[in-house]
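Engineer: Last residue of the sequence shown: 427 in our numbering, with the numbers rising by one and none dropped.
Just to be clear, a hint being listed does not mean it is correct.
[To be verified] Distance windows between CB atoms, simulated: (1) K384 x R205: 34 to 42 Å; (2) G238 x R62: 48 to 56 Å; (3) L185 x L343: 25 to 33 Å; (4) P96 x V389: 39 to 47 Å; (5) S128 x L100: 16 to 24 Å; (6) V400 x A102: 36 to 44 Å; (7) L388 x F55: 29 to 37 Å.
[Unchecked claim] Taking lysine to any residue and the SDA-like style, the derived pairs with C-alpha atoms no more than 20 Å apart in a straight line are: (8) K201 x I131; (9) K327 x Y377; (10) K384 x Y369; (11) K201 x R260; (12) K201 x A118; (13) K201 x F121; (14) K326 x L394; (15) K326 x E233; (16) K327 x V375; (17) K101 x R62; (18) K201 x V215; (19) K384 x V400; (20) K326 x R260; (21) K326 x A241; (22) K201 x D107; (23) K326 x S237; (24) K327 x R260; (25) K326 x W230; (26) K327 x W230.
Hints listed in this document are in silico derivations from the structure and should not be mistaken for laboratory results.
Ideal Cβ placement from N, Cα and C applies to all residues, glycine included.
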Amino acid sequence: MKLAALLTSAGINTAVSVVLFSLYSVLRKQPSFVNVYFGAKIAQVRSRQQDAFRFDRFVPSPSWILKAWETSDEEICATGGLDAVVFVRMIVFSFRIFSIAAIVCNFLVLPLNYFGKEMQRHQIPAETLEVFTIANVEEGSRWLWAHCLALYLVSCCACFLLYLEYKSISRMRLAYFTSSVSNPSYFTVLVRAIPWSREESYSGTVARFFTNFYASSFLSHQIVYRSGSVQKLVTDAGKVCKMLKLTPRELHIGSNSMRCGLCGTTASFSMLPMDAEGDEGRSDFGGSDLRKKESAAALVFFRTRYAALVASQSLQSRNPMSWVTNLSPEPGDMYWSNICVPYRLLWIRKVAILVASMALVAFFIVPVSLTQGLVHLDKLQKTFPFLKGVLKR
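Make the full structure from the sequences, and use the hints.
Structural biologist: This is the structure we're talking about:
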């Protein structure tokens, strides 16, 4: 690869980056994308005001870059949490290491490689990249110490910066934990795959299990019920089907002939079953339907955070597919519809996703490898001599 081609590729990448930055600066000003770029602020304020049309919305502006650069770690922590701060610090650390390596290599290693005596030099735009590598340095050269010095400089700077970053993030982490308010989710464990029993409900099974094994730390529990909108539609459909399937004998079981007070004639009144009349005003969690609405998942509350952590990390049964415990996520991070899904089905989904990902990677590598192999046919002939006859054809 020639230097001119490398510079062309770098120019194209730079132009694409500028276009993407400009596109972001324009899209973030559009009212229709406010939910995408400012979701956290909208969730806090909850007031959506429609601004008037302005032409400056379609003009790229670099002001957001300056605001992002001037944002402190405390502001990022207050807005996005400690994880966001650590992610930003990782990016900044990578930029620092790359800058140090670029300075050392450009001013120390690159001139020594270019002025080597192994290859013939041409004009810089027509030079190949091999001229700038260590392959251009002759064997036994005394300038090898410069390459070793560059490696030591970059390695020492990386270790020193890692130490500073680790020390700073450790302090921020400790300060974040000490200043954070105690959250109920810290004392809660999500229990899934609760074994089904004919003798008692899921609630009774959970209470008996944790009372026996965590008597000193167990506080209370809450069963997760199937009471979502989809489940309500299914329940209502089942009730309608029951009403439609009632036999005429059941519908008229309470009918009797009664005289009308004015006309004196007889009229037949059909007495509907009590279930059909009372279902409208009955609560979803009332009566004997409560056990039917229980799912094999529960939220178990402990007295201390340590007890909750021990319970979440311990194996509760010989069967790893039952009594599965995990620390409960925060209510905003919990997708309640997935909790009612059986744990075995979730495990099958994970395996299926893993297999699909491996298949996608395999099918992606094969065409890419074939394409790269066609570009370097001479190297393939040297590496695999038996392919010479096939490639010549």
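Engineer: Does each hint fit the structure? Answer for all of them.
Structural biologist: Against the structure, the hints:
1. K384 x R205: 34 to 42 Å: Between K384 and R205, where Cβ atoms are some 37 Å apart, the hint holds.
2. G238 x R62: 48 to 56 Å: holds, 53 Å
3. L185 x L343: 25 to 33 Å: Violated, at about 43 Å.
4. P96 x V389: 39 to 47 Å: holds, 45 Å
5. S128 x L100: 16 to 24 Å: 21 Å Cβ-Cβ, so the 16 to 24 Å window holds.
6. V400 x A102: 36 to 44 Å: This hint holds: roughly 41 Å between Cβ atoms.
7. L388 x F55: 29 to 37 Å: holds, 36 Å
8. K201 x I131: Holds. K201 to I131 sits at ~17 Å (cutoff 20 Å).
9. K327 x Y377: Cα-Cα ~17 Å, so holds.
10. K384 x Y369: Distance of about 17 Å is within 20 Å: holds.
11. K201 x R260: Given pair K201, R260 is violated - Cα atoms ~47 Å apart, limit 20 Å.
12. K201 x A118: holds, 17 Å
13. K201 x F121: holds, 15 Å
14. K326 x L394: violated, 41 Å
15. K326 x E233: holds, 14 Å
16. K327 x V375: Measuring from Cα to Cα gives roughly 13 Å; hence the hint holds.
17. K101 x R62: holds, 14 Å
18. K201 x V215: violated, 24 Å
19. K384 x V400: violated, 25 Å
20. K326 x R260: This hinted pair holds, its Cα atoms lying about 9 Å apart.
21. K326 x A241: Judged against 20 Å, a Cα distance of about 18 Å means the pair holds.
22. K201 x D107: holds, 15 Å
23. K326 x S237: Roughly 12 Å separates the two Cα atoms, so the pair holds.
24. K327 x R260: holds, 5 Å
25. K326 x W230: holds, 12 Å
26. K327 x W230: Holds, at about 13 Å.
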